[in-house]
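> Mind docking chain B on chain A? Use the hints.
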Amino acid sequence: MDKSPVNRKILSIAIGSALLLALPVLAGIAGESYLVTLFSRILIYALAAVSLDLILGFGGMVSLGHAAFFGIGAYVVGILSFHGFEGTPIIAWPFALGGHQSGLVLWPAAVLLAGAAAAVIGALSLRTSGIHFIMITLAFSQMLYYFFVSLEAYGGDDGISLFSRNTFPGIDLGNDTQFYYLCLAALAAFLFLSYRLVHSRFGMVIRGCKENERRMKSLGFSTFRYRLVCFIIAAAGAGLAGALIANQTEYVSPGLMHWTRSGEILVMVLLGGMGTLFGPVLGAITLLLLEEFLSIYTEHWMVYLGPFLVLMVLFAKRGIYGLIAGGNNNHG
Amino acid sequence: MGESLLSVKSLVKRFGAVQASNNFSLEVAQGELHALIGPNGAGKTTALNQLCGELMPDAGRVFFDGRQITRMPVYRRAQMGLARSYQITSVFEHLTVRENLSLAVQAHKGHSFRFWKKAVDDPVIRRAVLQAMARVGLEKRANMQAANLSHGEKRQMEVGMALAGHPKMLLMDEPYAGMGPGGAVELTKLIRKLKTEFTILLVEHDMSAVFSLADRITVLVYGQTIATGTPQEIRANPEVRQAYLGDEVNG
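Here the protein sequences line up with chains A and B, keeping their order. Each number in this note's numbering comes from the position in the first sequence (counting from 1) with 16 added on. Each number in this note's numbering comes from the position in the second sequence (counting from 1) with 799 added on.
So that you can see chain B by itself, here it is in the shape it has in the complex:
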């Protein structure tokens, strides 16, 4: 494995008596698809929120692209190239597909204290928006309000938004949640394509998807990393079997 793009060192986060992150550590190498799995309540989302900056850890450090980002605000991490997609699809429902993607593009094309010119007429933004729409296959939906898209299309658009700024790394929070079998197949195809271009941290519950996609897997139990390895290693690890996989793998 190459050098770490994202490096997480012993994060601790408590909510009252609950220890949501308990010395959580993680290394994501440049170019890999790393999956973070764990049973319900293992602290996956808490961990992710600390990586993207929505939560501040009580202790520990996070490094991204050679810089410490432990206390950096969300928007600056995003500007550094750490993009995120959400578990519950998070798009601008009242804006059109074009406007949604154009906002995502805007975030990475200089400041937006531009008060006069129409945003949609800006040639730089327009070109990038067309590219982003083509990448996720939503060209035909350009002028549709996001609220009217199907669940799968929203997911696609959200990924398009995360990619619009050409991030260095993509944090995906349970992209398979709430997806039908057809949508899941489409999504796997999309992620396989993304994998060739981006470093990805995939937080996921869906086992079959994780094992077929991931280069490496980290298992989180009670806020603590209990194992990291290739899918084969994880499958064979007795501790992991006991803590989490149980009958899902055996039976």
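Same shape as in the complex, but just chain A:
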């Protein structure tokens, strides 16, 4: 067998990682320090896109509500640190629950709550498939969107501002470079976890369900449970991304979970390459950079992005990642 696609893949990933590692230094040399902030945002969206790729690219679950979990993660951080700063309880009865400022508490809470929401939403949505699944995930995320819009105590439509970023032992989150490396570490950890996941026994079951769920059942798999757990893991990843974006922008609003945001994350996955794990990272970089630079020239930058997207979907089935890393196996 020809080994070159494998080497090409490893080489692409190595170069990509090196560039991302060196980015703050390069930005310093170029004197464009805003790049560090921009790329922190990109890495956070990349994390959300990779988590969507788990259910979309490997599980075949086309969810148009993934931003709901992103938003939940962000609101957990927003609401808890709001109360943590004010020193007021979130609820006083039946037990007192106070806020917090530490990332060590808030981020796991964001992950857990996003996962819990996914357990409920998934348990209902995964009973359907195809277009119905798309619509029901969309409906749930819009329900959550309007729920937060109506939540006057936390700014409603306008959202809430954080007084500062969370605290984290050993790291000054207020420092943009340190925050950048934290985002990079979170993304790398999630990528590694996902990579192990899709090659594990669990991952094989998920991929089998994507291709032929009926056959999986007749082989003896309770496919619903496996798909639900996958849905929850993906949501937890999006929840972590949400917790990070709340810290990055120091601002949380319902817009984070609007269905267009889900669409944006979906586009990142498609653009980068579905079912490739690393592709969605490239998708996030491409989409957000295009948005950043095209919007300098025109407010209607989407007009230029549209045709580009159409061409990518038509001619590069495995997205940008497929073009760069080559290969055609669905192994990430």
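What the hints contain is simulated information worked out from the structure, not anything from laboratory work. Beta carbons are placed, not taken as given, at the ideal position from N, Cα and C, and that holds for glycine. Errors might be hidden in some of the hints.
[Claimed, not checked] Examples of chain A residues lying across from chain B (beta carbon under 10 Å, computed):
{"hint": "1", "residue": "Arg212"}
{"hint": "2", "residue": "Leu213"}
{"hint": "3", "residue": "Met220"}
{"hint": "4", "residue": "Lys226"}
{"hint": "5", "residue": "Arg231"}
{"hint": "6", "residue": "Met232"}
{"hint": "7", "residue": "Lys233"}
{"hint": "8", "residue": "Thr239"}
{"hint": "9", "residue": "Val245"}
{"hint": "10", "residue": "Ile249"}
Only chain B this time, still in chain A's reference frame:
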């Protein structure tokens, strides 16, 4: 005949005005190869789908291995040892032969909520996959994508997948469909070999195959069992001749 492994009692299934199963009954004894035949539209596939759990009957009961399974979900029946192969070959086209068989093995080696270790490196699975490949003669195709196999090879692999979990009984849905003469000879050889190890319910259209392979035959017409017996008895049964075999046997 020994004790029944699969026992079907008066299944009824309606689709609107169509009575697809109309008091369909069937007894498959331990160790036999039982064929289920019937003219087009007799309700063979509907019957089979109710046995494996993809369809729920409106009335009637199904027993397998001493337990009632009438409303049991598909995957639990499979775990009990009721395996199925499909009429239209149903494999994972984008996975390799090894991965296809390894999924089939996995289904019967404990739960698969194992998130970390590489599935293909699991020694228990590996050994069973090698066995399964050897049984259906696909060792040389281990790393080929299923989509690139010939039709006959896919069929072989599908049988391999059904057998990977060491089932108690095999439901085969028209395995001869779409098969050339060469493939059919190979398949008959394979089924003859399987017959010595497994109880089989063979749903089939191909008459010559059924009569040479089956221990007993059940004839289904308009969703109803009209006769059960040895191939000789079925051949001689006037009702069956009239309803189904007609000139295929006489002429």
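> If a hint holds in the structure, say so; if it does not, say that too.
Evaluated hints:
1. Hint status for Arg212(A) relative to chain B: holds, with the closest Cβ pair at about 5 Å, below 10 Å.
2. At its closest, the beta carbon of Leu213(A) sits 5 Å from a beta carbon of chain B; the interface hint therefore holds under the 10 Å criterion.
3. Contact between Met220(A) and chain B, as hinted, is supported at the beta carbon level, the nearest pair being about 5 Å apart and thus within 10 Å.
4. Look at Lys226(A): its Cβ gets to within about 9 Å of chain B, closer than 10 Å, so that hint holds up.
5. A cut of 10 Å between beta carbons decides the hint on Arg231(A): the least distance to chain B is about 5 Å, and the hint holds.
6. The beta carbon of Met232(A) is positioned within 10 Å of a beta carbon in chain B (closest approach about 8 Å), and the interface hint is therefore held.
7. Interface restraint check for Lys233(A): the shortest CB-CB distance to chain B comes to about 4 Å, inside 10 Å, so the restraint holds.
8. Hint status for Thr239(A): holds, given a least beta-carbon distance of 7 Å to chain B, under 10 Å.
9. Look at Val245(A): its Cβ gets to within about 7 Å of chain B, closer than 10 Å, so that hint holds up.
10. Of the supplied interface hints, the one on Ile249(A) holds, with its beta-carbon coming within about 8 Å of a beta-carbon of chain B, less than 10 Å.
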